[in-house]
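Q: Same order as they appear, the protein sequences are chains D and W. Per the numbering used here, the very first residue in the first sequence carries number 8; after that it's consecutive. Per the numbering used here, the very first residue in the second sequence carries number 2; after that it's consecutive.
The hints are simulated quantities; they were obtained by calculation from the structure and are not laboratory data.
Pair ranges (Cβ atoms, derived):
id : chain 1 : residue 1 : chain 2 : residue 2 : range
1  : W       : L298      : D       : R128      : 40 to 46 Å
2  : W       : E310      : D       : T99       : 33 to 39 Å
3  : D       : P68       : W       : G303      : 31 to 37 Å
4  : D       : A95       : W       : S599      : 25 to 31 Å
5  : W       : R334      : D       : R69       : 42 to 48 Å
6  : W       : Q624      : D       : R153      : 57 to 63 Å
7  : W       : T129      : D       : D110      : 54 to 60 Å
In this text, all values refer to a predicted model and were calculated from it rather than measured experimentally. Glycine included, each C-beta is placed from N, C-alpha and C at the ideal position.
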Amino acid sequence: MSDASSSSLVPLSESKPAPPPEEDVTEYLAFMAATERFAIPLSSVREILLVLPITNVPRSPREILGIIVVRGTIVTVFDSRFLLKVDANESTRQTRIILVKPDGDDEVMGLMVDQVLQVYRLAAEEVEPATAIGADFGDHVMGVGRPNEQRRATPSPPLTLLDPKALFR
Amino acid sequence: MDENLRDEFLAEAQEIVEALSRDLLILDRAHKDDDELEHDRLNEVFRGVHTLKGLSSMFGFPQIGTIAHVLEDLLDDLRLGKVIANADIFDVLFDGVELFQRLLVETSTGEDASDLSLFAEAIERVSTPNAPDAARPTGAYDIDTNILAVLTEYEEHRLNHNAEAGATLMRWTVEFPLESIDTDLDIVRERAKPVCEIITYLPSMESDRDDAIVLEVLLATTNDVATLRGALGDTGTLEELPRSTVARESINPDRPAPPSKESRSDIAIERSVRAVADTVRVDIRKLDNLMNLVGELALVRGAVTRMTEALRARGVGRDLAPEILRINRSFERRLRELQDGILDVRMVPLRHVFDRLARVVRQVARENKKEVHLAVSGAETEIDKLIIEELSDPLLHIIRNAIDHGIEDVRRRELAGKPTTGTLVLNAYQKGNRVVIEIEDDGAGIDKAKLISRAVSAGRITAQEANELSEEETLALVFQPGISTQNSVTEISGRGVGMDVVKTNISRLGGIVEIHTELGIGTTFTLTLPATLAIIRALVVRVAGHIYALPITTVSEAIVLDANRVRTIESRDMLDLRDATIPLCYLDDLFEHESDRSGRRYVVVVVVGTKRVGFVVDGLDGQQDVVIRALGKSLANVRGFAGATDLGDQRVALVLDTPGLVEEVFRASPTPRLEASA
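In isolation and in its complexed conformation, chain D is listed as follows (with noise of 0.2 Å):
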């Protein structure tokens, strides 16, 4: 996932395999946006793109930093600076738009992020929720996700937990 410079796109399968029944795991896309780390849940991710040309729309809100055309279909990209509170950072190798569908009926909405990490699949108790945390986060965190460190080969550093809908609202 690191390198996918050889194609414009890295489609997913299209058919994710169903979680064990054994276990209560959900699949998470994480991603660096600046130097912060953070997951969307895999089923809301539709495909990832290379950066491509993107078209500006004025008047919008500063947060939306334009459209491109997939397929026919206009997308509208947001950036994770203002979506996501962090700092600003170039265009890289590594930026990769991401395109969300939050739920059935939603529109496909593009994330420009820094980097694309890897898929966590993370079991119910290492997910600490907005609520148990106290603190005042904004809607779009549904929590942190903490992979236990016994159970992965590489360290993993916690994560924070999207909630696609409340984001892109």
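Assemble chain W onto chain D, guided by the hints.
A: Relative to the frame of chain D, chain W by itself:
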């Protein structure tokens, strides 16, 4: 149930219901004018409902079947003269049409509801026979019992009716070639209509040819033989049936029962199924898909053209260039034909909406106890299917308003010396690649003084502003939410909601609304709409490195900006364009693009209705056919853009909503601006 079968049923049923509605409106009109109802139209309505009944039971839609069944009974009584039509009956019949429409929608969305028993009760109420029991004078004629035996109850009724009215009965024996009998009969029916009524026609065994058939046509007429001959042509034998001297007390009791209505309906169903075979119904999304493909093909063609030019510039393949050019041109022509072909398929006549509106007019007029005559013209004007769908709400609002507030009640009209029946004119016509729809009433007109005072009291404008409003600006207040000149709130309109919807919907379609009103004389709403939304020709412009497309239909000219012709009036830059002064709008300012404003700049003059604006841009990139794609919901609140389009090479350009922007320029308060640089 099989989706396709269901869709087919729905489409077919929809067609029947639409025809039903059309015919009922004509009958209702005749009834209002105290004319005799056209018996064959009434029969047509009966047959339509009957077919619908047959189809719905065939495809398993019992509710529609039930409604059709009770309606059919009522219509049967009507056509047999057992029940005489009155306003209540028409109300119920129109209710039936509404109910069909609703059931069809519910069926197509898979829902299932609706209380049918209320309707059945209403039918019951009006179905009591109210016709005097007429004597049956059939016996006054010597009609071959063999003929009488096969007459249906309806045909017998028509026969009696005509005899009663003093018509002469004739028998026309005529031969038709077998292979063209269907069309020949249609022609005969058309020709016969003005001079006589065809009661029935029966095949006779007398023909001695294998490829022809002799028909005995039973006619009722008040005209003489010569007139009939003139209309029907000089074929066959035409003889008057002798009146019998002895009135028969009844028709031969031994005759076999007339063919049941059921067996006739089978023919009707068969016929309508056959009619379906020459038309194909297509999901509009499939057409959109094709349109997208054509749009992409156009992009490919553009790329080929560019490559060809590049090759020519490099001097490569000079000998092949003319050939490539020729091929390219032919490609372009075919592509355009393909595009036109697909566009043509998407076009539907406005009749579909107008029919629905005619029902609304009738209903609203009755609710308001007003007399309204609707005159429709140009219903055959064609417009994009998608526009039609968005059009019915705005038109509905305008029409309801016209009847509710425009057309006065009978007493007021009498006082004003107007005819007691108000007239509503619905007129449509094509103008270039736009479609114009006019809705004109001869009502009281809009009271501008009242409108202004309402706007001031609603806090929309200040008293100061009110004094400075132009006529046009005053009338535009009609579209402000929450402003109505009506004192009372009715169920239908007068709450000041609705007219703002009109404006919003029409502008979203890239159309404009204009109002013309005269107090005491009437009001005209004029809607100007693009004929199609799918593909438009656009002028591509550059503004500070950004690319925009302007629908060419609104562009009147593009000229070089000449600083000497720019004047500043009340700190607004205006351009002297020949004899007129038009406001300038700097797109870089409007869109907050950084621009160094060096070099030559251009003015694109845009005309929307009677307003003209010059948009100042940095460059013109020529014209292109573009496929407009909608912006996502996340950009719904951003004003000024009708959509976006893919220009190829991953370039996406926003398409300007020129009517919206022109509106904005005219509305905007003057803002100070540095003088234009040339």
